[in-house]
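Visitor: Chains as they are written, first to last, in the numbering used here: chain W, 37 to 477; chain Y, 16 to 304.
Hint data in this document are derived by calculation from the structure and do not stem from the laboratory.
In this text the structure is predicted, and so the values were computed from the model without any measurement.
Glycine included, every Cβ here is placed at the ideal spot set by N, Cα and C.
Treat the hints with caution; some may be incorrect.
Said to hold, decoys possible - Covered stretches of chain W, going by a simulated chain Y footprint (3 or more residues, C-beta under 8 Å):
no. : stretch
1   : 291-305
2   : 368-382
3   : 385-396
4   : 452-462
Residue-level listing of the chains:
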Amino acid sequence: MKSFKIGGIHPEENKFSKEITVEVFPLPKQATIYLNQNLGAPSTPVVNKGDVVKVGQLIAKAEGFIGANIHSPYAGTIQSIDLVPDAFGFKKNAIVINVENDEWAEHIDTSKDLKKEITLSKAEIIERIKECGIVGLGGACFPTHVKYMIPENKKVEFLIINAAECEPYITIDHRMMLERAEECLVGVNALLIASGAPKALIGIENNKPDAIAHLTKVAAQYPKIEIVPLKTKYPQGAEKQLIKAVVNREVPSGKLPIEIGVIVNNFTTCHAVYEAVQKNKPLIETFLTVSGKKLTNRKNYQVRIGTSIQEILDHVGIPEDTGKVISGGPMMGKAIANLNSFAVKGMSSLLLMDQKESKRGEIENCIRCGKCVKACPMGLEPFILAPLSDKKDYESCEKFGILDCCECGSCSFSCPSYRPLLDMIRLGKSKTSSMIKARKG
Amino acid sequence: MDINFILLASAVLGGIALISAIILFFIAKAFKVEEDPLIDEVAENLPGANCGGCGYPGCRGLADAIVKAGSLEGLNCPAGGSDTMTRIAEILGVTPVVSDPVIAVLKCNGTCELAPAKSFYDSALSCAYAATLFSGESGCQYGCLGCGDCVNVCKFDALKMDPVTKLPVVSEENCVGCGACVKACPRLLFEIRKKGIKNRRIYVACSNIDKGGYAKKNCDVACIGCSKCVKVCAFDAITVNNNLAYIDETKCKLCRKCVTECPTNCIHEVNFPPKKEVKAVEEVMEAVN
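Using the sequences and the hints given, assemble the complete structure.
Guide: Following this line, the structure appears as structure tokens:
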């Protein structure tokens, strides 16, 4: 079984919601769409207060090289463009829409039929992905079209589709593989044309045998697409680890995967690509898992962006002793500080942790057991990096390779002294990179 | 063991030591760095805390700069204060530049009671990290996070975390205004201000630039930018920018009109005697009772 070689852990899988079909979440009465839904610069609004918009109409334009368009997920009136606190309490510019009905813009094909034939050319596909504001739905929200702006001297040899879903609890990619396999594979084909790669490899962890079987069956009609079962090990779905596992190549430190002829995309992103390329439908929805140990009414939802998180949670019913709500997986996700915030692109799950799970253990001294070193998939030494960042010695941090940290959290997970290793390293990483930026001038 | 071995070893090692000493003596003469003895003398009179408040790397750095400049213009040791600077002026034989004593003030008063927590933070105890994660337990994204980065950097034992309010408290006696806390706070909540006449000073204890309504939602004592203080001030000392008032200490005459005018009590007065009118009311109340 293929896997990355160094480090890795195996947390409890807790994939409770893998049998539950994806439901469409009902439209809210009022929605708030943040203007920074992607990595990079926030978008600029192109609508004004009082404007009437249709579903799929452009409401904010991409800014800068790394940016993505935002389209209205609702038909209604723009109530205001104002600062609204986001999930972490920071105020962000947002467009508030009063939802009136569900009338789609005319240029979008809203039929449910599967459209296999791709008629667009390479450049047209990339342009369409850019127009439709597609970002990576794996969590980082990197604008997808930027990945396909391949430098002249580089050639894509492999397109890798990340369907590992190594984070515990989350099952949305799993459900997409079972329910929307046909659509997603057309999306993969579109990406194959866009990248010019001869082959696409879909990496899936072997804890999803039904998904592997189903995808293999569907993929039989596409000779360019191959399914690669992977060992169940965290973080199998981290970009660099996935590349190592699937094609046994290593991305050089500080470089992008394109350096070794690889592009990686998330599986659910392929669904968005399919809808953009074949149906002209922009990215206005996110697919998310709502799960938790104490939660009985677990769900896989198809949610329009801008839906209130509180509303989603009220729909499933928050268990009494919920201590924490996490956006994203339990390993890499962030705890939500403000539930009166709104769903964004790439929000892949909402996890409800009970009181006991939410609390961290008492921090003890480092006993030099080396478990973090063994767990680190990047071959770093977290027990050295954490105190170095804590003591603000960013020169040494750089020397010990802090910038290679992929923030997977395996070190904090494996620490028997409950030291907040990743927290310290993450801070050190951002300070180190700003130090390097300042040095370059 | 033969005694000769010991004698031989001593002779050889002693010889090497002697030759090295002679070589080192001449090298030291040849490469001697001429340094003004004044630098040593000045450095001895500085506090030696190496706090960096003067802007130079350590006390010796400042001593070096003072001696090189030959005057005290623009050079000041905030930790030592005017006593130290007068002594140094005597050593150099120049006129002392007297600067007013300063102190750090916290521009936040969001205590646990006045700005109740809406979420609970349980991670690395560092404000620098917490500031990247979320807005703060109260929801105010400008206020104190309460993890104590400022307390950790203070070299003069002048900052303590109040366990009840979860806000740092500046000690009047110990704070020298070195500015280490100003640099450490990720929310830029500290300001170095003049201690003022009789240690009396007035400042706005808030850094929230949100619109009034939203600011008040998160914190009872937030500045809402209502400009009442600007209108009442007879000395043009107060300005409101971005929904936040600021009192210019050079213009403020400590009349305290703004303190009573402020509807959210975010303007603080320090070390003033209780107001007479207030006393009168209390006396009346007592008399009634």
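Visitor: Run every hint past the structure and note whether it holds.
Guide: Now the hints, each set against the structure:
no.	hint	verdict
1	291-305	violated (count 0)
2	368-382	holds (count 4)
3	385-396	holds (count 3)
4	452-462	holds (count 4)
Consistency with the previously given hints fails for number 1 only.
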